[in-house]
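*Asks:* Heads up: the protein sequence lines correspond to chains G and B, in order. Numbering-wise (my numbering), the first sequence opens with residue 119 and increments by one. Numbering-wise (my numbering), the second sequence opens with residue 119 and increments by one.
Calculated directly from the structure, the hints in this document are not laboratory data. Bear in mind that the values here come from a model prediction, so they are computed numbers and not experimental data. Where hints are given, some of them may not hold.
Which copy? The list can't say, so a pair holds if one copy fits it or any two copies do.
[Stated by the list, open to error] Straight-line distance between alpha carbons at most 20 angstroms, and here's what the computed EDC-like set of lysine to aspartate or glutamate pairs gives:
hint, residue 1, residue 2
1, K264, E178
2, K156, E139
3, K465, E554
4, K156, E138
Number of protein chains: 2
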Amino acid sequence: MGSLESNWAESCQFKPLDAEEFRKQAHQMVDFIADYYKTIESYPVLSQVRPGYLHSCLPESAPYRPESFDTILRDIQKHIIPGMTHWLSPNFFAFFPATVSTAAFLGEMLCTCFNAVGFNWLASPAATELEMIVMDWLANMLKLPKTFMFSGTGGGVIQNTTAESILVTLIAARDQALDIIGVENTHRLAVYGSDQTHSTFIKISKLAGISPRNIRSIPTTIDTDFSLSPILLREVVEADVAAGLIPLYLCATMGTTSTAAVDPIEPLAEVANEHGIWVHVDAAYAGSACICPEFRHYFNGIERVDSLSLSPHKWLLTYLDCCCLWVKNPSSLVKALNTNPEYLRNKPSESDSVVDYKDWQLGTGRRFKSLRLWLVLRSSGVMNLQSHIRSDIRLAKMFERLVKSDPRFEVVVPRKFAMVCFRLNPYSQFYSGYTEMLNRKLLEWVNSTGRVYMTHTIVGGVYMLRFAVGATLTEECHVAAAWELIMAGAEVLLKGDL
Amino acid sequence: MGSLESNWAESCQFKPLDAEEFRKQAHQMVDFIADYYKTIESYPVLSQVRPGYLHSCLPESAPYRPESFDTILRDIQKHIIPGMTHWLSPNFFAFFPATVSTAAFLGEMLCTCFNAVGFNWLASPAATELEMIVMDWLANMLKLPKTFMFSGTGGGVIQNTTAESILVTLIAARDQALDIIGVENTHRLAVYGSDQTHSTFIKISKLAGISPRNIRSIPTTIDTDFSLSPILLREVVEADVAAGLIPLYLCATMGTTSTAAVDPIEPLAEVANEHGIWVHVDAAYAGSACICPEFRHYFNGIERVDSLSLSPHKWLLTYLDCCCLWVKNPSSLVKALNTNPEYLRNKPSESDSVVDYKDWQLGTGRRFKSLRLWLVLRSSGVMNLQSHIRSDIRLAKMFERLVKSDPRFEVVVPRKFAMVCFRLNPYSQFYSGYTEMLNRKLLEWVNSTGRVYMTHTIVGGVYMLRFAVGATLTEECHVAAAWELIMAGAEVLLKGDL
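Taking the hints into account, I'd like the entire structure generated from these sequences.
*Replies:* Here it is as structure tokens:
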């Protein structure tokens, strides 16, 4: 009994959120994070741990009694940080960088602070309305037509990732079509992308019940810089129609993951429009560049598409997750995705005077997602965001010049944005398998130093290295140092010492 | 030229993340948030703004030049906070509360800080491995069988919401079935829930291509406290089989949204197992109670189900979003959801020695989601989390006693956890429409005061009020004050003054 009673006394004191304790510990965490940012270059950018490393560092089960914040913070330093691949490191040139800013961090703190669950307007009016405003702001910055804005006839919503943006628009398109042709014809629906469209597109299409036989990955070649050819699209669509299929959805990409290729929106939309195909533009990475007038032409024809998604976490400094989706016809989304359980009914929703974002997305609950983007736009101003895009591109151009200046290397695909696809190719007379082996070894060596992290791809049968500039802390000196390291690797490799 | 040059000079200075600037502003934000938490009771819990209020407060477009942090913070205080429904207010008794803690806030700060994109193991080894460990820890706390743990033969993953947990398991079940029966039989698949299953279940089933005709919402009644009857399930399943359909998936609920009803897992799973139906348990809200031995019996039979999801953001203090999903057979998820683009290939993944969480979820990118839950489990200890659950239930029992002590009120559905479904019913001889009108008016009056926020539901034709205890800051005095307010409302109402 005695121990039960003392347990009871202890537990009565448990206050998960005490404002002053919060203040104290959160200040401590701010310093921990600021120090981490200051010293980030001292860590290997690519984690050097082995699979399963953490298991032996942590106990088998959660502690029965509370542990102090200091103990936990020590474990983070000792066990978690060595297992991190440091995406914020200025030496991170892999994948596409995930960009950050003080402003977005503050926005995220605020979002967490409120913990508002904005499934409908009433549950958090500010969360819904700020998102609508910010989506229109960004649409304006991108010079999207009014048909995508709330101030026009469309509207936008923040999804977590591109996968969700594709899913909800594909479902909207599917259900519109099935309303006419009947669910028994689902197996006749066909969807279109190129062999460079993000792998998620195929996954999501299957998930939405599109027959795997009808998911088209139209081949691309170096002749079009690996962009989707409208001529080929027309051929494939017409063959499908002739075979009794019903063309449903085209996913065009602005800035493919492998090489940042840009599908030509205008002529692709022309083909699609003729056949009543829903056109979605996945501009996750490169769309952000269109806030600069000199890149806006890549969006030519955007007025002819049905939906567009773009992830500010990739190039507009917002931290993950933030994928902006605009649609011309929000009611098609709402029709496919709305729910109306009694326990969520309320007067504003019933009066149709508000947006309930639960009907624009997969789940019900949602965070106050727009705060991060709002703080970035205001703290930076359009001016600084434009210069940030230009600065990354300037650094990529610099890297491109360095590659071109060394006859042992070549740029494989023309650079459009802040990513350079290149390879070591010293003996052009050698067979391609040998060149690939050289580049694989070079990449492995560079990454193993912990001083740079790059990744690779294979496009058109060619193995190439991807050097993606854009980690927020990267400066000219880091790009220069990365090139020095790559050259050093090539040196050792070509001497036969690797 | 002059202005272009000065622009260039300005833009060169743009540093989105400067460690010392970060430190300064983040400290300022910590104080802003701590002050908000201290004064949260001074705000109306349910926002009193009108639709469209924010539009007139903010400019039409993003600023061209940067704005200061102080300006933005002033706008948050002046324009955003009035539009918040304060989910953290101790006077919030609506829906299910979204619970929080200092520990989880710190975990979220750290997750944001790293901004690691853990789509595969190599991209962030610690993110993947900590999630695996934490999922096993929580499984242990819930006394789940080893078949759901990495240390056994299963495994867990953190999804954002229940919708995603249902989606990925339904797709895994669907694809397993279609492998055998062929995609042309998709229209024969049938899924099962009760009329109390979360509305998301129907939405997700349609999304996954299940014919709307084959989505069963089996009726429940007050006789089973609105839980799904295994006898009825068997009847419906057998009728479907007789009609040539193929039973695929059952979503059982532990703690329904309307009344926190608990479907009896063991006998339902028995029926389902006989027919090879995938059983998913949605324990989003009430599952957390099973960390206390006295509630664990609600999970009896859990060893017979295929998957289970539970949202710590609802009752385990983690902030949104955090939905834990355990599956018995991870390879069925991976088979349905894996992608393998060249640019993500790497040695650890190819060696099959690691988990790549991108293949357990919808999208590719994912945040370091386990940090929040890890910090909560360690900072609280199992002991304090148990006492936190018990404390909420104690407060709900107190409210229940108050309702029962007043002959004008009645508890409509037996209380199981920390939510009380009740109504004002002073004249039992009156027709039900009148009673409903009384309760609608009472709810509207209570919520309009801004001193309490409750919501309603209709179950079995009865309109009732839901009083959900659990907002992290709620103490006994808030429950007592809420009851005083409700009584005061009833008083005015019954005098005919409303």
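*Asks:* The structure should be examined with respect to each hint, and the outcome stated for every one.
*Replies:* Status of each hint after checking the structure:
Proximity of K264 to E178 under the C-alpha cut-off of 20 angstroms is restricted to the inter-copy arrangement: shortest distance 13 angstroms between copies versus 56 angstroms within a copy. In this assembly of identical chains, the alpha carbons of K156 and E139 lie at most 20 angstroms apart only when taken from different copies (11 angstroms versus 26 angstroms within one copy). Proximity of K465 and E554 under a CA criterion of 20 angstroms is satisfied inter-copy only: 16 angstroms between copies versus 64 angstroms inside one chain copy. In this homomeric assembly, K156 and E138 come within 20 angstroms of each other (Cα to Cα) only across copies, at 8 angstroms, whereas the closest approach inside a single copy is 27 angstroms.
In this structure, none of the earlier numbered hints is contradicted; all agree with it.
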